[in-house]
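Going down the list, the protein sequences come from chains Z and U. If you read the first sequence in the numbering used here, its first letter stands for residue 824, the second for the next number, and so on. If you read the second sequence in the numbering used here, its first letter stands for residue 94, the second for the next number, and so on.
Hints listed in this document are in silico derivations from the structure and should not be mistaken for laboratory results. Glycine included, every Cβ here is placed at the ideal spot set by N, Cα and C. Careful: at least some of the hints might be erroneous.
Calculated lysine-lysine pairs in the DSBU-like style (CA-CA distance at most 30 Å, straight line) [what the hints assert, rightly or not]:
hint : chain 1 : residue 1 : chain 2 : residue 2
1    : Z       : K1131     : U       : K199
2    : Z       : K892      : Z       : K954
3    : Z       : K1051     : U       : K435
4    : U       : K251      : U       : K210
5    : U       : K199      : U       : K210
6    : Z       : K1154     : U       : K211
7    : Z       : K981      : Z       : K892
8    : Z       : K1154     : U       : K210
9    : U       : K113      : U       : K455
10   : Z       : K1154     : U       : K199
11   : Z       : K942      : Z       : K899
12   : Z       : K1154     : U       : K396
13   : U       : K202      : Z       : K1154
14   : U       : K455      : U       : K373
15   : U       : K396      : U       : K343
16   : Z       : K969      : Z       : K938
17   : U       : K318      : U       : K251
18   : Z       : K1154     : U       : K214
19   : Z       : K1051     : U       : K118
20   : U       : K343      : U       : K318
21   : U       : K205      : Z       : K1154
22   : U       : K172      : Z       : K1154
23   : U       : K435      : U       : K455
24   : Z       : K1131     : U       : K172
25   : Z       : K969      : Z       : K994
Here are some, though not all, of the chain U residues that point toward chain Z, as calculated from beta-carbon distances under 8 Å [said to hold, decoys possible]:
hint : residue
26   : P170
27   : H187
28   : R244
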Amino acid sequence: MSSETKKILTTDGTPLEESLKKAERKNKIKAFMLVAPLLFFLIITYVFPIGEMLLRSIDDRMVSKMLPKTYVAMEKWDGKELPSEEVFEAFYLDYKILVENKTAGKLSTQLNYEKNGFKSVLKKLARKQKKFTEGNYKEQIMAVHKRWRDVDYWRAIKRRAPEYSYSKYLKGIDMYENEDGNIVQVSEDRRIHRILWTRTLEVAFFVTVFCFLMAYPIAYLLATLPMKYSNLLMICVLLPFWTSLLVRTASWMILLQQQGIVNDFFVFTGLVADDNRPEMMYNKTGTYVAMTQILLPFMVLPLYSVMKTISPSLMRAGKSLGGTPFVTFFKIYFPLTIPGIGAGCLLVFILAIGYYITPALVGGASGTLISNQIAFHMKSTLDWSFASAMGLMLLTGVLAVYWIYNKLVGIDNIKLG
Amino acid sequence: MSKNEQFVRFDKVDKSYDGKVLVVKDLNLDIAEGEFITMLGPSGSGKTTCLMMLAGFETPTNGEIFLETNPISNIPPHKRGIGMVFQNYALFPHMTVYENLAFPLKVRKIPKDEIDKKIDKALAMVSLSEFGQRMPAQLSGGQQQRVAVARALVFDPKVVLMDEPLGALDKNLRESMQYEIKHIHESIGVTVVYVTHDQGEALTMSNRIAVFNDGKVQQLSSPDKLYEEPVNSFVAEFIGENNTFVGEVKDIDKGQCKVKLENGTEILANPIRVKTKGEKTIVSLRPERAIIDPKENMQNQHKGKIEEVIYHGDHTRVRVNILGNSQFILKVPNSSARMDIKLGNEINIGWDSHDCRALDPK
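Work out the full structure: start from the sequences and follow the hints.
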């Protein structure tokens, strides 16, 4: 077959391909109209916010917008010695406007991120500059505070010149760009994010493992028990699923606290002494227990839906062919449930990696995860761009897991129900 | 080599699932070595339960099953060495055909080269030699079925059980598979216990057929005997086509009885399940044993009116109203001589008293 093959025509003479397209166009439009609301919904609620988040995480225009003249003047400055009078004048003019508009606080917060100690010198400058006389601003500013004579502070301002920066991402992994432009780690006692990242991965991993270990037998029972029992069991699985997340977490707090039911039971059975009650909450144990229980249905349901499709005659066939129940299970049943295992593990891992409420409530200091840190920056420090950067790093992590899963198992092998 | 007549033996086997209803009642059945025996019956008659008990997936509530004189009720299925072909084939979907066949050999720890030899032989037997590396989903229904048969035979089991294996195939394929399974059985001489509800299948393939109904074996005999000489009205009606008359025994004497039908006519019949005068009976007659315009002096000759004529190609089915039975069927071979078979015509119908069997009234 080559391109020389005659074009097939319909009875009225138009090429077949063309008339087929024409005939299908209506259907295509109809189909598009059907998905259009969802498409717009997705764009508005998903694509747009994520794009916004990405921009925010690298957007560093806040300072450069507040100090436009300064940055123009700084362009010629090489950053080695103190800047020239021009820069000082521009800075004075920019800062004057900020003080008049009462937005100087934002600048001091931003610059303080860059270098500690900015807040106080800027405040002092705001007070003193009202009395400044025209000309020789360099001397006047340097007289306000000795830090203005330190070239490091001016370098800090200059570092904020680019409109976009990846500094927030560096901060997310406890690194920063120092005065010389090298990327270095922060001092050891301040590396909190890396601990949080490893802990998040660790918790997500073990929660996934625990969920799998508990969900597999449950799903097997659900799929093999006669209808009247399996329905009851299904309700037992779904009932917590329908209960509010907060209620479930709170009930775990009641159970796990030191004077709680589980501890009372341990003491009652003599497992532990009354004055030596183990701490099961406000640490990782609490996070593990509560998250495993809460995420369990997400493992049970995909497993169940896959197991439901496995014909019981396969196990019988395996046995009749001479396989012991053990061999039959691992050679025949287990491989057939892998799509469900993959779906369940992926789902639970992805949910666990970004889990927030439960670790916030039962995690305590040693059981909080990266999402709690993100929330902290969203709500308390209002450093949204840092929160966005960490959110995106989390998203990248999830996508990486997804990619690895696709390489190992194949995403078309997944079965959610 | 003398064949063991009691290779498999069901001894007074009862089975109940819920403690209220007996699915299998007092089953006694001997299966000879190398025999092809079919359990035939309507659904719910207990035939599959019997097969499952033999395979080991169900335990008898009472009684014992013997395989080569060994009781096997307490042996788990994987130690019984019984091959099984399932209704939906039950091929392992994640394994290739080769791996499917290798499974029973691998669990028996047979060396690799021997496994290859056995699989080659088994695949050649079902003429699928080229298909070893295919996945089951890439095969047609008939091919999957053949793989299932090969897998059940590859480890040389003593007995092979088949649970309605052809149920999912279309008619033509089913017929060719029937012959294929029959030929495989003949060539390797394995004992086959086959379950089906399709009587045509049972008649074509089996050495003997056990007709099940209501948890009991109604009749156990060769296909021809089952068809020609059913012992009760259930078997007569279940196997093949059957014309029946309901009546009462008027007279009984030396292999012949007089039965008075509901419309008052008396006919001569062969007493099978009736012994005394006054008994109620159902008289059964195969359609092909009734003849139109009987030349010789047949004992039973009656007039009937044609109510329906259905053309079947090689023969014509004629529904006749005769002796108060409007469902009387005749099979007339298609020949140019019979031009008077038309709707509404009256014809003479006759049959031998020996062919018309007076059975139990149900």
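_Numbers of unmet hints, in rising order_ = 3, 12, 23
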